[in-house]
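Novice: Take a look at the letters that make up each chain.
Protein chains: 2
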Amino acid sequence: MSDVSCYVRLDDKRVKCYGRISRIGKRPGFWFLKIRVGCYSDDIQVIVKKEQLDSPPTMYSTIHFTAEKKRSPDGLTEELHIEKILYYSPFDPADVEIEYDMPPELLRQKESQRLLTRKYQTILLAYDKIEQYLHEVSRKHGLLKIRAPFITFSDCEGGGETFELRSKIPEFFKKTAYLTVSGQVDEETVTSRLLVPTYIFGPSFRSDPSKTRWHACEFYHYEPEIPFIDLKDLMMLEESIIKGIISMCLDDDIFIKCLDYLKRDPTELKQFVEYSFAQISYTEAIKILTRTGVKFEVVPKWGDDLTKEHERYLCERHFGKPTFVYGYPSKIKSFYMLQGESFIDSEIDDEPLQICESVDLLVPGIGELCGGSIREHRAGILMEIMKTKGLDPKDYEEYLSLRQQGTFPHGGFGMGFDRFVMLILGVDHIRDVAPFPRYYKC
Amino acid sequence: MSDVSCYVRLDDKRVKCYGRISRIGKRPGFWFLKIRVGCYSDDIQVIVKKEQLDSPPTMYSTIHFTAEKKRSPDGLTEELHIEKILYYSPFDPADVEIEYDMPPELLRQKESQRLLTRKYQTILLAYDKIEQYLHEVSRKHGLLKIRAPFITFSDCEGGGETFELRSKIPEFFKKTAYLTVSGQVDEETVTSRLLVPTYIFGPSFRSDPSKTRWHACEFYHYEPEIPFIDLKDLMMLEESIIKGIISMCLDDDIFIKCLDYLKRDPTELKQFVEYSFAQISYTEAIKILTRTGVKFEVVPKWGDDLTKEHERYLCERHFGKPTFVYGYPSKIKSFYMLQGESFIDSEIDDEPLQICESVDLLVPGIGELCGGSIREHRAGILMEIMKTKGLDPKDYEEYLSLRQQGTFPHGGFGMGFDRFVMLILGVDHIRDVAPFPRYYKC
Numbered sequence: 001m002s003d004v005s006c007y008v009r010l011d012d013k014r015v016k017c018y019g020r021i022s023r024i025g026k027r028p029g030f031w032f033l034k035i036r037v038g039c040y041s042d043d044i045q046v047i048v049k050k051e052q053l054d055s056p057p058t059m060y061s062t063i064h065f066t067a068e069k070k071r072s073p074d075g076l077t078e079e080l081h082i083e084k085i086l087y088y089s090p091f092d093p094a095d096v097e098i099e100y101d102m103p104p105e106l107l108r109q110k111e112s113q114r115l116l117t118r119k120y121q122t123i124l125l126a127y128d129k130i131e132q133y134l135h136e137v138s139r140k141h142g143l144l145k146i147r148a149p150f151i152t153f154s155d156c157e158g159g160g161e162t163f164e165l166r167s168k169i170p171e172f173f174k175k176t177a178y179l180t181v182s183g184q185v186d187e188e189t190v191t192s193r194l195l196v197p198t199y200i201f202g203p204s205f206r207s208d209p210s211k212t213r214w215h216a217c218e219f220y221h222y223e224p225e226i227p228f229i230d231l232k233d234l235m236m237l238e239e240s241i242i243k244g245i246i247s248m249c250l251d252d253d254i255f256i257k258c259l260d261y262l263k264r265d266p267t268e269l270k271q272f273v274e275y276s277f278a279q280i281s282y283t284e285a286i287k288i289l290t291r292t293g294v295k296f297e298v299v300p301k302w303g304d305d306l307t308k309e310h311e312r313y314l315c316e317r318h319f320g321k322p323t324f325v326y327g328y329p330s331k332i333k334s335f336y337m338l339q340g341e342s343f344i345d346s347e348i349d350d351e352p353l354q355i356c357e358s359v360d361l362l363v364p365g366i367g368e369l370c371g372g373s374i375r376e377h378r379a380g381i382l383m384e385i386m387k388t389k390g391l392d393p394k395d396y397e398e399y400l401s402l403r404q405q406g407t408f409p410h411g412g413f414g415m416g417f418d419r420f421v422m423l424i425l426g427v428d429h430i431r432d433v434a435p436f437p438r439y440y441k442c
Numbered sequence: 001m002s003d004v005s006c007y008v009r010l011d012d013k014r015v016k017c018y019g020r021i022s023r024i025g026k027r028p029g030f031w032f033l034k035i036r037v038g039c040y041s042d043d044i045q046v047i048v049k050k051e052q053l054d055s056p057p058t059m060y061s062t063i064h065f066t067a068e069k070k071r072s073p074d075g076l077t078e079e080l081h082i083e084k085i086l087y088y089s090p091f092d093p094a095d096v097e098i099e100y101d102m103p104p105e106l107l108r109q110k111e112s113q114r115l116l117t118r119k120y121q122t123i124l125l126a127y128d129k130i131e132q133y134l135h136e137v138s139r140k141h142g143l144l145k146i147r148a149p150f151i152t153f154s155d156c157e158g159g160g161e162t163f164e165l166r167s168k169i170p171e172f173f174k175k176t177a178y179l180t181v182s183g184q185v186d187e188e189t190v191t192s193r194l195l196v197p198t199y200i201f202g203p204s205f206r207s208d209p210s211k212t213r214w215h216a217c218e219f220y221h222y223e224p225e226i227p228f229i230d231l232k233d234l235m236m237l238e239e240s241i242i243k244g245i246i247s248m249c250l251d252d253d254i255f256i257k258c259l260d261y262l263k264r265d266p267t268e269l270k271q272f273v274e275y276s277f278a279q280i281s282y283t284e285a286i287k288i289l290t291r292t293g294v295k296f297e298v299v300p301k302w303g304d305d306l307t308k309e310h311e312r313y314l315c316e317r318h319f320g321k322p323t324f325v326y327g328y329p330s331k332i333k334s335f336y337m338l339q340g341e342s343f344i345d346s347e348i349d350d351e352p353l354q355i356c357e358s359v360d361l362l363v364p365g366i367g368e369l370c371g372g373s374i375r376e377h378r379a380g381i382l383m384e385i386m387k388t389k390g391l392d393p394k395d396y397e398e399y400l401s402l403r404q405q406g407t408f409p410h411g412g413f414g415m416g417f418d419r420f421v422m423l424i425l426g427v428d429h430i431r432d433v434a435p436f437p438r439y440y441k442c
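Protein chains in written order, with my numbering: chain A, 1 to 442; chain B, 1 to 442.
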């Protein structure tokens with residue numbers, strides 16, 4: 001097998017490695033160089049004789065070499081001396097656009113060069129780790145990973161936040177094609193036909209003109225879908241998956257090193273692992289919000305959606321931990337959610353409210369992290385709700401047919417993976433967790 | 001933790017499970033049902049009393065139940081008797097559009113219902129397994145998984161086979177946006193800045209009006225990129241990764257069961273694992289093709305590209321195993337490939353031929369499975385080649401800047417993962433490896 005790694009032990013005394021220079025020190029006759037070899041460990045220090053380099057070394061220059069371990073002249077420490085330079089390629093200081101401790105807003109404009117910094121290298125590494133654990137935990141829960149298509153033929157849920165596709169060839173597809181905003185509708189087909197718990201992990205897209213630190217036009221979307229699950233078990237599953245992933249991160253020494261590089265205190269993550277998440281109904285949430293005395297920008301009202309401000313109040317100030325809010329009014333949620341009973345809460349209002357089996361997970365520092373529901377599996381009711389919401393059942397023929405062919409209750413949730421990574425790493429802008437973020441006006 | 005799996009052991013004697021009915025037998029007073037519980041194992045047989053069901057059972061109906069193991073009346077075997085039906089939902093036989101042993105061409109038109117068949121369920125399961133092993137093997141080789149963007153701003157390589165994106169909001173992005181055809185150009189940035197071996201595994205898109213069994217508009221693309229690698233080591237790495245994945249599949253009992261369900265003989269896969277792949281230069285390939293005496297539709301000619309027919313002759317009839325062909329003429333390959341020497345082969349022609357450090361992997365039954373190269377890391381030469389190929393260096397500013405900022409030789413390859421799955425499973429149409437394939441005129 002060809003060994004492609006950055007650092008190879010040749011024998012007890014000798015190594016071969018490559019990296020970029022991350023610090024330069026000078027001694028008579030020698031350069032003391034720190035070199036970033038991979039992104040898993042601290043930079044290594046090597047000593048190189050002046051005559052081994054044609055010109056003085058510069059920051060970020062590329063070097064490939066063999067080196068030998070030697071005792072220091074005083075015999076106290078071990079030093080790594082470059083034996084042979086296999087390749088050296090300078091980085092002209094005039095080309096360096098980034099500076100030490102440059103604020104993230106500026107670094108974000110140096111999309112390529114920011115990847116030379118420890119911070120962004122660590123984020124990429126940690127992103128990959130979290131992703132690995134997500135797959136591992138999903139499989140431990142018995143979920144089969146499946147693919148949903150990225151090109152779809154419905155302008156999902158009529159939100160209008162989809163990208164449309166054009167080809168140079170007219171009528172390339174029979175219908176107008178869009179980029180997916182969620183794989184759920186197609187995933188339900190697979191979950192239903194195979195009758196197994198599944199999950200999707202793939203990109204979703206939004207043509208949404210938001211420039212906030214939570215919004216990106218492409219992001220990874222995690223979407224489990226489970227047969228015969230009720231709302232209580234769905235919340236339990238969500239909590240178990242999130243705790244599972246974070247626990248695995250906290251048990252991983254390299255991951256802890258990543259948190260250290262990012263100046264993120266691991267104990268801040270323990271709140272997700274050590275305590276049970278709070279669970280309240282939408283109606284209870286409204287009661288808490290209306291009775292608190294806090295003046296919100298938007299007054300909370302039974303029947304209306306919660307704003308980000310309300311969400312953050314509930315999970316940050318009221319409960320101080322991740323909080324499930326379930327049983328939202330049907331009229332503010334998607335058509336595919338299982339319809340519950342309509343009921344009157346005489347403390348609040350004497351109009352009855354139709355609720356659905358939905359659940360959002362609110363998380364301190366983020367607001368909504370996951371949205372989920374039990375799905376409406378009764379064809380007749382589903383068609384009625386579609387009509388109420390102005391959707392044409394003809395656009396959902398396949399989805400409706402599932403409700404006529406051995407239909408059964410099932411449910412699932414969606415989580416924006418990039419936001420989840422932000423949460424774990426304490427990174428406060430979504431454009432920092434992708435090497436090449438895509439956003440409105442980029 | 002909530003147990004979401006299809007089959008739960010309640011105690012030594014009792015199980016709880018759900019699935020779809022896959023066969024129905026009748027005995028006086030009883031139904032003998034086969035039920036597909038998950039897709040990992042053979043269907044289970046259960047016995048249900050007539051009075052436990054309101055109506056006669058039908059194929060594909062959904063059933064959720066608890067059952068108890070009992071000795072058969074003759075005491076010889078163990079039987080599973082349904083204790084309680086928790087949920088039953090019929091599939092009306094009039095709605096069944098698929099038939100036993102329906103040819104794949106017809107099944108493909110029943111996109112949703114084909115997922116009720118063992119064959120398609122097995123393909124989804126095996127796809128996931130192969131994907132898992134791909135990640136495992138990549139990590140064993142020290143490659144870091146990274147993301148490349150799916151929305152890009154260059155009509156890559158000018159091929160014109162890209163989808164363009166439109167938003168309802170005018171000038172949503174600063175430039176015209178397309179869907180990626182390959183993550184390589186952006187991946188090179190990450191590999192170069194981090195100076196670590198990386199890989200991408202994500203969807204790529206093609207607006208290509210081909211309707212062959214090899215072409216799809218969206219497919220998973222595997223793209224490793226390695227610093228300081230030469231062509232010989234790149235071939236060794238490709239071979240090692242492919243062998244690694246297939247070996248892991250062959251060592252997995254569930255995977256062997258999948259092959260069995262698909263009537264695929266596992267010994268056919270041993271050719272990929274047991275022998276070294278062949279390696280020949282492009283020039284040698286042309287000599288073999290011109291000397292064989294076989295009449296090809298397109299006459300092989302030094303300087304021209306190989307056709308699918310040529311490729312298949314080389315790997316199927318001449319070598320009878322996977323075959324690397326390296327050192328293609330520059331003029332038929334991409335601009336980013338490392339330029340080699342131009343040379344004259346006096347046996348063939350007295351015109352010199354400029355070659356590049358490219359390598360294609362040809363595989364029996366498929367033709368080209370992987371395309372790779374060492375990348376041109378010298379800015380000056382890269383710009384010259386771009387001009388020769390009619391590309392505007394302005395569109396590749398970022399790519400060129402990598403060649404001026406500590407540039408170094410590196411290389412990688414791309415593999416269409418869906419084709420790789422076809423190869424392993426012996427599935428002969430790409431539309432059969434995705435649950436919802438996307439293709440020209442679909």
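Read the hints as simulated data drawn from the structure, not as lab findings. A few of these clues could be false.
Remember, identical chains collapse to one label, so a pair may be satisfied in a single copy or spanning two.
What the hints assert, rightly or not - Think about it this way: if two alpha-carbon atoms lie no more than 20 Å apart in a straight line, the pair counts; the simulated PhoX-like pairs of lysine-lysine are:
{"no.": "1", "residue 1": "387", "residue 2": "110"}
{"no.": "2", "residue 1": "13", "residue 2": "34"}
{"no.": "3", "residue 1": "331", "residue 2": "308"}
{"no.": "4", "residue 1": "441", "residue 2": "257"}
{"no.": "5", "residue 1": "145", "residue 2": "119"}
{"no.": "6", "residue 1": "257", "residue 2": "321"}
{"no.": "7", "residue 1": "84", "residue 2": "211"}
{"no.": "8", "residue 1": "308", "residue 2": "211"}
{"no.": "9", "residue 1": "394", "residue 2": "232"}
{"no.": "10", "residue 1": "287", "residue 2": "34"}
{"no.": "11", "residue 1": "308", "residue 2": "129"}
{"no.": "12", "residue 1": "140", "residue 2": "301"}
{"no.": "13", "residue 1": "243", "residue 2": "49"}
{"no.": "14", "residue 1": "110", "residue 2": "441"}
{"no.": "15", "residue 1": "270", "residue 2": "331"}
{"no.": "16", "residue 1": "129", "residue 2": "145"}
{"no.": "17", "residue 1": "84", "residue 2": "301"}
{"no.": "18", "residue 1": "140", "residue 2": "243"}
{"no.": "19", "residue 1": "119", "residue 2": "50"}
{"no.": "20", "residue 1": "26", "residue 2": "301"}
Novice: All the hints need checking, so say for each whether the structure fits it.
Specialist: These are the hints, each one checked on the structure:
1. 387 / 110: Answer is neither: 49 Å inside a copy and 27 Å across each miss the 20 Å cutoff.
2. 13 / 34: Only inside one copy: residue 13 and residue 34 sit 19 Å apart there, 64 Å across copies, limit 20 Å.
3. 331 / 308: within (18 Å within a copy, 56 Å between copies)
4. 441 / 257: neither (35 Å within a copy, 51 Å between copies)
5. 145 / 119: between (31 Å within a copy, 17 Å between copies)
6. 257 / 321: So residue 257 and residue 321 fail the 20 Å test inside a copy (25 Å) and across (45 Å) alike.
7. 84 / 211: Cα proximity of residue 84 and residue 211: none, with 50 Å in one copy and 54 Å across.
8. 308 / 211: within (15 Å within a copy, 48 Å between copies)
9. 394 / 232: Answer is neither: 33 Å inside a copy and 56 Å across each miss the 20 Å cutoff.
10. 287 / 34: Result: close neither inside a copy nor across copies, 59 Å intra and 51 Å inter.
11. 308 / 129: neither (29 Å within a copy, 40 Å between copies)
12. 140 / 301: Result: close neither inside a copy nor across copies, 41 Å intra and 55 Å inter.
13. 243 / 49: For residue 243 and residue 49, the Cα distance exceeds 20 Å both inside one copy (51 Å) and across copies (43 Å).
14. 110 / 441: within (16 Å within a copy, 41 Å between copies)
15. 270 / 331: Neither, since 36 Å and 58 Å both go past 20 Å.
16. 129 / 145: both (18 Å within a copy, 9 Å between copies)
17. 84 / 301: neither (72 Å within a copy, 44 Å between copies)
18. 140 / 243: within (13 Å within a copy, 27 Å between copies)
19. 119 / 50: neither (31 Å within a copy, 66 Å between copies)
20. 26 / 301: Answer is neither: 67 Å inside a copy and 58 Å across each miss the 20 Å cutoff.
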